[in-house]
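Here are the chains, one letter per residue:
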Amino acid sequence: MIKIQNLSKSFKKHHVLRNLNLNFETGKITALVGPNACGKTTLIRCVLGLVIPSQGQIFIDQEPQDSNGVFRKKIGYMPQVPSFPGNLSSLELFAMLEDLRKEKSSQKEKLIQHFHIENVLKQPFEQLSGGTKQKIAAVMTFMFDAPIIILDEPTAGLDPLSIVRFKELLTKKVSQGTTVVLTSHIMTEVEQLAHNLVFINEGSLVFSGKKNQLLEKTQTTNLENAVIQLFEEKKN
Amino acid sequence: MRELLLLIKYQFFNVMRAKWLLFYGIFFFFFTNGLLMFGSEPSKTVASLLSIILFIVPLISILYAAIYWYNSESFHSVLLTQPIQRAQVYFSSWISISVGLVGSYLIGTFGALFFHLHFDFATLVVLFYGSLLSFIFVGLGLLISVLVQDRMKGIGLTFLIWLYFAIFHDLIVFAIAWSLKEYPIEVPSLILMLLNPVDLTRVEVLLNLDLSAMMGYTGKILQKVLSGYLGPILTIGALLLWTFLPTLLGIKVFSKRDLK
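These protein sequences, in sequence, are chains R and V.
The opening residue of the first sequence carries number 457 in this note's numbering; numbering runs sequentially from there.
The opening residue of the second sequence carries number 3 in this note's numbering; numbering runs sequentially from there.
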């Protein structure tokens with residue numbers, strides 16, 4: 457489980473996160489939703505230790521983040537735009553992660569087949585298309601069976617078949633007890649995948665709970681309308 | 003330590019496949035080759051090699067380090083989602099870029115030296131200090147890149163810093179010496195020399211090889227002051243500070259910085 461306690465982050469005078477208190481439940485998919493620049497990515501980056509909070513603490517499985525970054529062994533992260541050294545091949549990148557984590561992946565071959573990327577593994581990363589890079593990043597995210605997976609707009613660059621395959625994989629991992637934090641602007645995807653929903657606006661927590669609680673609260677029948685209502689409420 | 007060595011290995015693979023380094027090595031091959039073909043006497047050949055190294059190595063090292071760092075920012079973010087420390091990422095970048103540049107320059111120059119079967123102590127001393135200069139300026143390039151988040155401003159600043167160390171610093175020393183010609187200026191000149199790694203390298207090579215023909219204005223004043231035991235200790239100590247201090251400062255800044 458990920459526990460966020462009194463988390464605030466400011467960039468100079470700009471307050472990006474304001475005193476957030478949240479839990480991301482074990483074995484569930486929690487979708488982080490909110491308008492552009494509401495603080496979703498900053499929150500994810502705080503969890504990963506890439507952005508240093510101005511105030512507050514983050515606990516991964518009841519333990520506070522350590523400065524050595526050892527807690528990241530529990531996390532698999534898929535960025536919106538994957539960026540790796542352009543001159544290295546995907547095979548070298550997989551080997552690099554295995555070396556850095558001191559762990560041989562038992563899932564790698566299966567994942568490579570799952571996303572049909574066998575033919576591009578020896579090509580330099582910079583020569584791959586955006587979608588293929590995204591599939592490579594997906595393999596890297598899932599190849600270690602990390603108990604926590606963080607996905608930042610994961611399907612944005614994928615083709616429809618790969619999206620289906622990605623969702624199958626995600627559902628399987630969650631059924632095995634993996635905790636997933638997902639950001640997405642595609643509400644049908646959130647509705648289909650997420651168990652819980654966190655809505656952030658201007659760095660403040662607007663809603664955190666189960667999907668049906670949000671539908672009850674907003675008295676709507678689908679998530680898209682519920683989220684639109686939250687947008688409108690915040691504006692007014 | 004294991005993670006650090008692994009990071010160095012993979013970053014080095016990436017650095018070595020860049021075309022820039024190939025051209026860098028080829029440049030030094032042809033330049034050294036030209037010097038050996040047309041140089042009249044060995045001391046002048048070494049002096050010319052030193053001049054070009056003092057000019058080109060800092061420029062390419064500082065610029066390449068800054069460009070590499072800015073290009074790798076997203077990768078560093080992804081790398082830091084793995085169980086490794088920021089200091090390891092920074093230090094491995096410094097080592098792999100420096101080793102890549104030094105390797106390329108040494109292969110180029112040694113290639114030409116082998117071609118002409120020309121080996122002497124003086125050339126090896128020049129090449130050694132040129133290599134050290136590469137580590138120093140890669141360290142400075144990386145430090146500027148972590149301090150200045152704007153890519154264009156950062157690269158511009160690295161160029162200005164090179165310009166200062168390669169050209170303007172000696173002009174300033176000359177102006178000060180000229181305006182204070184009535185007074186003893188050895189100590190202020192010594193302090194000014196310690197503040198410039200290019201001058202330090204020049205003087206250190208000259209102290210080793212006794213090449214008075216190659217003196218810049220700073221060097222000329224200081225050869226007197228630095229002869230004896232004190233000279234090498236002071237210059238080597240200062241060069242080591244220039245080598246490690248920017249990197250230690252860079253690690254400190256990078257450890258506290260928010261990553262994009």
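Since the hints were made in silico from the structure, they are not lab data.
Heads up, some of the hints might be wrong.
As the list claims (entries may be wrong) - Partial list, derived from the structure: chain V residues whose beta carbon lies under 7 angstroms from chain R:
| id | residue |
| --- | --- |
| 1 | M3 |
| 2 | Y12 |
| 3 | H78 |
| 4 | L82 |
| 5 | T83 |
| 6 | P85 |
| 7 | I86 |
| 8 | Q87 |
| 9 | S181 |
| 10 | E184 |
| 11 | E188 |
| 12 | L192 |
A virtual CB, placed ideally from N, CA and C, is assigned to each residue, including glycine.
- Message: Taking the earlier hints as the rules, which of them does this structure contradict?
- Response: Numbers 1, 3, 9, 10, 11 and 12 - these are the hints that the structure violates, sorted from lowest upward.
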